[in-house]
Amino acid sequence: MFEQLTQLVQQYGGDAVVNNSAVPNEHNEAVVAEAGNSIFAGLQKIASEGGSEQLAALFNGSTPIDNSNPVVQQITQQLTGSLGEKFGLSNADSSGVAASIIPQVLNSLVNKAKDPNDSSFQISDIISAISGNSGQASGIMDTISKYGMQFGLDQNADGKVDVADVIVITKTKGGISGFIGKLFGR
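Using our numbering, read the sequence shown as starting at 68 and increasing by one per residue.
Since the hints were made in silico from the structure, they are not lab data. In this text, all values refer to a predicted model and were calculated from it rather than measured experimentally. From the three backbone atoms N, C-alpha and C, an ideal C-beta is built for every residue, glycine too. Fair warning: there could be bad hints in the mix.
Claimed, not checked - In silico BS3-like cross-links for lysine-lysine, where the CA-CA straight-line distance does not exceed 27 Å:
1. 153 x 112
2. 112 x 181
3. 179 x 112
To be verified - Listed next, with one range per pair, are the computed distances between beta-carbon atoms:
4. 131 x 182: 33 to 39 Å
5. 158 x 135: 29 to 35 Å
6. 135 x 159: 28 to 34 Å
7. 148 x 74: 22 to 28 Å
8. 129 x 157: 32 to 38 Å
9. 187 x 155: 24 to 30 Å
10. 108 x 155: 17 to 23 Å
11. 129 x 91: 26 to 32 Å
12. 89 x 129: 16 to 22 Å
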């Protein structure tokens, strides 16, 4: 999963890093790598600190993935500090890079994880990778399942909401828009 995340960061790092005069060209690759490390470490930290509700909200789309999102804020703060410390960027420059790249990468990560036609990211693999142990992973998946059950998303009546349910909804109820509509009761 880390390699795929690194590819997303490289994809979105152009404007935030490479085309940013505040980031010296000799540091471009290292800053992009640091952004990937910060996202992965930040998600791991949130999972280890019991942030399953925040992560569930992030991955089920119940909160916008922008700079007002608590997960985005926490990872942005972490990357901002790291860029200043490791590369000597000012707080304003570090903050600008982080605020630009973190929401884009997380938004793409979540969208790819939800897309049944894109196998590059699977929600279960992401949760497993960031949680580091099965107890935390099951806690996060239980939270996602709990909210999915409340919205009637258990399509195969197996008592849990998982990828199989998403596939049923997306195939029978109008694709991902049908799934989102069902999630929000439309």
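Hints versus structure:
1. 153 x 112: holds (20 Å)
2. 112 x 181: holds (22 Å)
3. 179 x 112: holds (22 Å)
4. 131 x 182: 33 to 39 Å: 18 Å Cβ-Cβ, so the 33 to 39 Å window is violated.
5. 158 x 135: 29 to 35 Å: With a Cβ separation near 20 Å, residue 158 and residue 135 fall outside 29 to 35 Å, so the hint is violated.
6. 135 x 159: 28 to 34 Å: Since the Cβ atoms of residue 135 and residue 159 sit about 19 Å apart, the hinted range of 28 to 34 Å is violated.
7. 148 x 74: 22 to 28 Å: holds (25 Å)
8. 129 x 157: 32 to 38 Å: holds (35 Å)
9. 187 x 155: 24 to 30 Å: violated (34 Å)
10. 108 x 155: 17 to 23 Å: holds (21 Å)
11. 129 x 91: 26 to 32 Å: 39 Å Cβ-Cβ, so the 26 to 32 Å window is violated.
12. 89 x 129: 16 to 22 Å: violated (34 Å)
In this structure, the hints that do not hold are numbers 4, 5, 6, 9, 11, 12, in rising order.
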